[in-house]
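Asks: Read top to bottom, the protein sequences are chains S and F. Just add 193 to wherever you are in the first sequence, counting from 1, and you've got the working numbering. Just add 1 to wherever you are in the second sequence, counting from 1, and you've got the working numbering.
Worth double-checking, as some hints may not be accurate.
Derived lysine-lysine pairs resembling DSSO-like cross-links, with alpha carbons at most 27 Å apart [as the list claims (entries may be wrong)]: (1) F:Lys97 / S:Lys277; (2) S:Lys272 / F:Lys40; (3) S:Lys272 / F:Lys97; (4) F:Lys97 / F:Lys40.
Quick caveat, the hints were computed from the structure, so don't treat them as lab data. This one's a predicted model, so the numbers in the text were calculated from it and none came from an experiment.
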Amino acid sequence: METFAWAAMSVLLVCAFMCLIRIGQGPTPADRVVAIDILGVLLVGLCALLVMISWRDFQLTIALAWALLSFMGPIALGKYLEGKPFDE
Amino acid sequence: MSEWAAIVIISIGVLFDLFGCIGLIRLPDVYTRLQAATKAVTLGTCLILAGIAVYAIGTQRYPTAVKAFLCCAFVLATSPTAAHALARGAYRGGIKPTPSVVDEYADAAADSPPGDADEEA
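Please construct the entire structure, taking both the sequences and the accompanying hints into account.
Replies: Structure (structure tokens):
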């Protein structure tokens, strides 16, 4: 089971590297923001797979907090893409 | 038994994540990348969390299962919302879908141009 968890985590790391490629070469700012959003959701899955190796609950708590925080970032960046100030 | 169910569910989830990220690399413009990556990666991450919950229930770790289901619900609620906000921001920011044939959002966006108070948000 742990071997399987390590394999799944390595595939997710490849996915995260693809997101980093898109962040690096995205032609518009919107591409980069989309890739940042996807990277956040991928990291939630990665934190959750860490639980299968060590069986400590706090890593799932980290995944929970990361899911909520990675929601706030793209919302603010969407406002930025729209060209509006944040308090509107 | 629950171990094999968890392995199958997590494998499907990881494959969805992989295909979503391949779409993020390969597709031509912002909106196609957004729809491919967001839908596939949201489903993939939810399947990973559901597989962990199944395995935790099978080995009688019930608090872990509850946390995994809670995390699944949060991802399922927040990720499409963020994608919606990003698509809206990109469109209002002047990025057009490049090979587009039909642009039905143009009328709705023209009714409340950027800078106005937006009631439909």
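Asks: Against the structure shown, which of the earlier numbered hints fail to hold, in ascending order?
Replies: none
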